[in-house]
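**Q** Read off the chains here:
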Amino acid sequence: MTEYLVMTREDEHAHASQSPKAMSELIEKSATYADELRRAGQLKDSGRLRPSKEGKRVRREGDRLEVGDGPFAEEGKALGGYCWVQASSFDEAAELAAKAPVLATDVIDVRPVMKGMCPKDKEAKPGKIFACAVLGSTKTEEAWVEVMDRIDEETRGRFPEASFLGGLRLEPPSSGRRIVTRGERRAMFDGPFLESKEVIGGLFFVRMTSIEDAVRWAAETPFVVHGALEIRELWRT
Amino acid sequence: MADLTAIVDDTVRTERGRIVGGLLRLCGSLDAAEEAFQEAALAAVQAWREDVPSNPGAWLMTAAKNSAKDARRRRVVAEAKAPLLFEDDMDTRDTIDTVSDDYLRLIFTCCHPELSTDNQIALTLKVVAGFSTEEIARAFVCSEATVSQRILRAKQTIDEQKVGYAVPERNDLAERVGAALAVLYAMFNEGHTGRSGPLMRLDLQAEALRLARLLCDLVPREPEAFGALAIMAFGAARAHTRVDDEGLPILLAAQDRSRWNRELLREGLMALRRARSLGGRGPYVLQAEIAAAHVTAPKWESTDWATIVAAYDTLAEVSPSPVVALNRAVAVSMLAGPSEGLAALKALERPLADYHLFYAARADMLERTGGDPRPDLETAISLATNEGEKRLLERRLHDRLARMRPS
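Those sequence lines, one after another, are chains F and C.
Just so we're aligned: 150 in the working numbering is position 150 of the first sequence, and the numbers increase by one with no gaps anywhere.
Quick note, the working numbering runs 237 ahead of the 1-based positions in the second sequence.
Errors might be hidden in some of the hints.
Here are the simulated DSBU-like cross-link-like pairs (lysine-lysine), alpha carbons at most 30 Å apart as the crow flies [unchecked claim]:
{"id": "1", "chain 1": "F", "residue 1": "K29", "chain 2": "F", "residue 2": "K139"}
{"id": "2", "chain 1": "C", "residue 1": "K536", "chain 2": "F", "residue 2": "K21"}
{"id": "3", "chain 1": "F", "residue 1": "K29", "chain 2": "C", "residue 2": "K536"}
{"id": "4", "chain 1": "F", "residue 1": "K77", "chain 2": "F", "residue 2": "K120"}
{"id": "5", "chain 1": "C", "residue 1": "K583", "chain 2": "C", "residue 2": "K627"}
{"id": "6", "chain 1": "F", "residue 1": "K139", "chain 2": "F", "residue 2": "K77"}
I should point out that these hints are in silico values taken from the structure, not numbers from a laboratory.
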């Protein structure tokens with residue numbers, strides 16, 4: 001079994017303007033979807049992110065720390081949720097991903113997991129839970145991999161600390177697949193997706209009292225030296 | 238420098254709860270903790286004039302701890318006692334878990350079941366939320382002296398009863414969370430319906446909502462906390478559509494649903510989802526289920542009354558009360574017809590004899606069966622205390638009278 005990360009890239013405007021009924025149905029359908037994967041023994045972890053306008057992006061430019069405020073809807077899409085699944089093949093993972101309940105305006109990305117440590121019941125502990133997306137922005141995949149390697153190298157041994165709740169590193173974007181909904185049909189495209197400004201290289205979870213604390217913590221890490229870190233609070237589901 | 242004042246005020250307000258909670262552990266008394274915090278806040282105004290620290294909250298915490306230490310040293314010298322604790326005891330490291338415990342301890346102390354509801358709310362607003370006595374007095378439409386008295390009495394009770402500033406053991410947690418939620422819910426309702434006056438109401442509601450969110454972060458495995466958060470979020474989402482330009486309440490059936498705040502609705506739905514995942518079926522979760530059925534209905538006519546009646550049935554088992562029975566009867570009248578509703582109301586006439594909404598509900602059902610609603614409307618008007626509700630009932634009566642007149 002190989003592990004994959006199924007991520008939804010959501011059109012936040014479409015989500016925000018949903019009717020309360022549609023909103024409720026999507027929330028419940030997503031919960032059922034995750035429950036079914038869990039019962040089948042294929043779900044390692046899942047989560048939904050609060051709107052990106054509440055999030056922060058942190059990077060370091062020389063001595064200066066840049067903290068950007070959300071929303072981060074590049075191409076109109078922001079990271080909205082994820083399922084960390086186990087499947088016997090990429091095709092199977094993509095099939096599972098294509099069943100995820102999303103709006104017609106959303107996009108699903110499937111990426112193989114290189115390695116990871118699964119958070120154990122991360123929502124049970126006090127504090128706010130933040131999902132941190134490790135982002136790299138380079139023109140070529142080689143350069144992107146180099147950035148991720150460097151971050152990986154320099155953060156080794158840094159974890160675990162009390163606030164760390166697990167996380168994963170992804171295989172390069174060229175190994176990913178994108179699923180786009182067109183009416184009733186879903187079309188699939190293979191990576192890389194470097195046309196996006198920031199390409200996600202990993203996702204991990206920390207527990208903090210506030211996003212300001214999370215930003216202060218991130219400022220001292222190698223993530224923000226070589227790439228950027230997008231910090232987003234998770235809903236407890 | 239207006240900017241500096243704003244930064245200090247903002248930091249003091251947001252950091253207050255967690256710092257006073259930490260100090261409570263070190264000082265052992267609410268008064269001493271508040272005093273140390275106050276000193277640190279004053280020191281900040283001076284010190285930050287030069288340079289605002291990069292982590293204002295941490296600065297304030299350190300300053301407050303130091304001032305607590307000084308106060309204790311002075312006390313030890315004055316009372317010529319040997320120190321009971323070594324200095325090292327004061328240097329407790331702030332981890333997310335100690336901070337969470339400190340905060341929880343503070344909330345549980347202010348919401349202790351030994352205190353009366355009014356005293357609990359006054360103390361919570363003062364100590365946890367950092368409202369001034371004047372602000373609390375305005376919110377409750379009472380004198381500052383009354384508020385001071387409530388706070389004083391609450392602190393005395395805490396001291397006398399040796400309430401203990403401890404975080405409860407896991408077994409007691411649900412009960413203590415329940416007590417805290419009752420306080421936050423009362424605070425929210427005071428802002429929602431209010432015994433009088435619209436002033437400051439929304440502030441009260443916003444603060445209750447903020448504290449409910451905080452409590453959910455502190456006890457993320459308690460479904461009732463998420464149930465209460467959901468109810469408050471649904472209520473806050475509708476707040477601005479509940480009153481018309483003349484200050485009269487707009488009933489749910491007539492509210493402009495397109496103006497409900499979607500973000501708050503989403504927050505409520507997510508909180509309810511969490512409560513469901515945790516398997517919650519307590520009174521707050523059930524009321525949240527009912528509220529969710531209302532807010533997700535595209536219009537009043539398409540309300541899912543079957544779900545609502547079922548939730549009321551369970552609620553009547555879990556926490557029976559005449560008001561729950563009344564609301565259930567109203568839902569029954571919508572699901573099965575006004576005659577069924579009237580039948581369900583029969584047993585409530587005695588326990589709710591002084592409750593205006595009982596008569597308002599019966600008037601409505603009578604009218605739907607072709608009966609005369611006027612006597613019940615008149616009784617409801619005579620019993621209503623909220624000015625807006627009274628005027629709305631009067632308008633209803635007036636409309637009926639107009640309709641009865643031969644044309």
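**Q** So if I understand the rule, the pair passes when the alpha-carbon distance is 30 Å or less; does K29/F with K139/F pass?
**A** 38 Å, violated
**Q** What's the verdict on K536/C and K21/F, does the C-alpha distance respect the 30 Å limit or exceed it?
**A** 10 Å, holds
**Q** Holds or violated: K29/F with K536/C, Cα cutoff 30 Å?
**A** Holds. K29/F to K536/C sits at ~22 Å (cutoff 30 Å).
**Q** With the threshold set at 30 Å, check whether the alpha-carbon distance from K77/F to K120/F stays at or below it.
**A** Roughly 29 Å separates the two Cα atoms, so the pair holds.
**Q** With a cut-off of 30 Å on the C-alpha distance, tell me whether K583/C and K627/C pass.
**A** 24 Å, holds
**Q** Straight-line Cα separation of K139/F and K77/F no greater than 30 Å?
**A** 20 Å, holds
Going through the hint list in order, the structure does not satisfy hint 1, though it satisfies all others.
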